[in-house]
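Quick note on numbering: the UniProt record's numbering labels position 140 of the sequence shown as 140, and the sequence is numbered without any gaps.
Hints are computed from structural coordinates only; laboratory data are not their basis.
All C-beta atoms in this analysis are idealised placements derived from N, C-alpha and C, irrespective of residue type, glycine included.
Heads up, none of these hints are tricks.
With a straight-line cut-off of 30 Å between C-alpha atoms, the simulated DSS-like cross-links for lysine-lysine are: (1) LYS142 to LYS95; (2) LYS95 to LYS34; (3) LYS145 to LYS95; (4) LYS142 to LYS2; (5) LYS145 to LYS2; (6) LYS95 to LYS25; (7) LYS95 to LYS32; (8) LYS2 to LYS144; (9) LYS145 to LYS25; (10) LYS2 to LYS95; (11) LYS2 to LYS25.
With beta-carbon atoms standing in for the labels, derived distance ranges: (12) ASP33 to GLY165: 27 to 35 Å; (13) PRO124 to MET200: 18 to 26 Å; (14) LEU110 to ASP72: 19 to 27 Å; (15) GLU79 to GLU36: 14 to 22 Å; (16) GLY136 to GLY54: 32 to 40 Å; (17) GLY148 to ASP80: 23 to 31 Å; (18) ARG90 to ARG188: 36 to 44 Å; (19) ALA82 to ASP115: 13 to 21 Å; (20) GLU138 to SER14: 35 to 43 Å; (21) ALA133 to GLU38: 28 to 36 Å.
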Amino acid sequence: MKLDPFYLIVDRASWLPRLLPQGVKLVQLRAKDKEEAELRREIAEARAVCERYGAQLVVNDHWRLAIEEGCDFVHLGQEDLAAADLTAIRSAGLKLGISTHDEAELEVALLARPDYVALGPVYPTILKKMRWAPQGLERVAKWKKRVGDLPLVGIGGLTIDRAQGVLEAGADSLAVVTDVLLNDNPERRAREWVLATREMA
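All chains should be modelled from the sequences, with the hints used to inform the complete structure.
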């Protein structure tokens with residue numbers, strides 16, 4: 001499986017009509033602290049917009065809703081992975097991405113036979129408080145050797161200036177949140193990321 005080199009992460013579906021027209025082809029909906037009915041609406045809306053623009057939607061954490069809403073990709077953190085029904089996920093035909101931060105988590109992730117593995121934070125991040133220090137490019141290279149042909153997603157503190165180094169270290173795709181969503185012009189920044197990563201990949 002091949003992932004688009006630019007992997008946008010948004011916290012609500014309303015971002016997508018603004019950002020997908022910029023050429024974004026891979027997007028994760030990471031919607032936190034919402035009731036199930038609202039989550040279901042968010043996922044359904046995101047799926048519809050992604051279909052309109054030919055983009056791949058990844059649902060974060062909520063694998064049951066992803067199955068019920070007919071999605072085809074789910075991303076799980078380690079805690080969610082421990083509680084997930086992987087047989088149900090596979091039976092529904094969903095592809096699976098898994099977050100990793102250290103060797104033990106990578107071992108757990110690989111046992112689940114994911115379709116991609118994410119490593120983070122590559123650089124310091126303001127998105128959330130992390131108990132892991134920045135991984136750096138050497139860890140990216142090490143992880144790529146470990147996962148082989150499995151796509152590797154780098155996440156955490158990524159900017160366009162840092163993108164080339166992370167891709168050259170071995171990442172196949174770069175997951176970006178704040179560099180786009182907190183930008184003064186998110187649409188322009190998303191377009192810049194799309195163009196830059198397509199040239200680098």
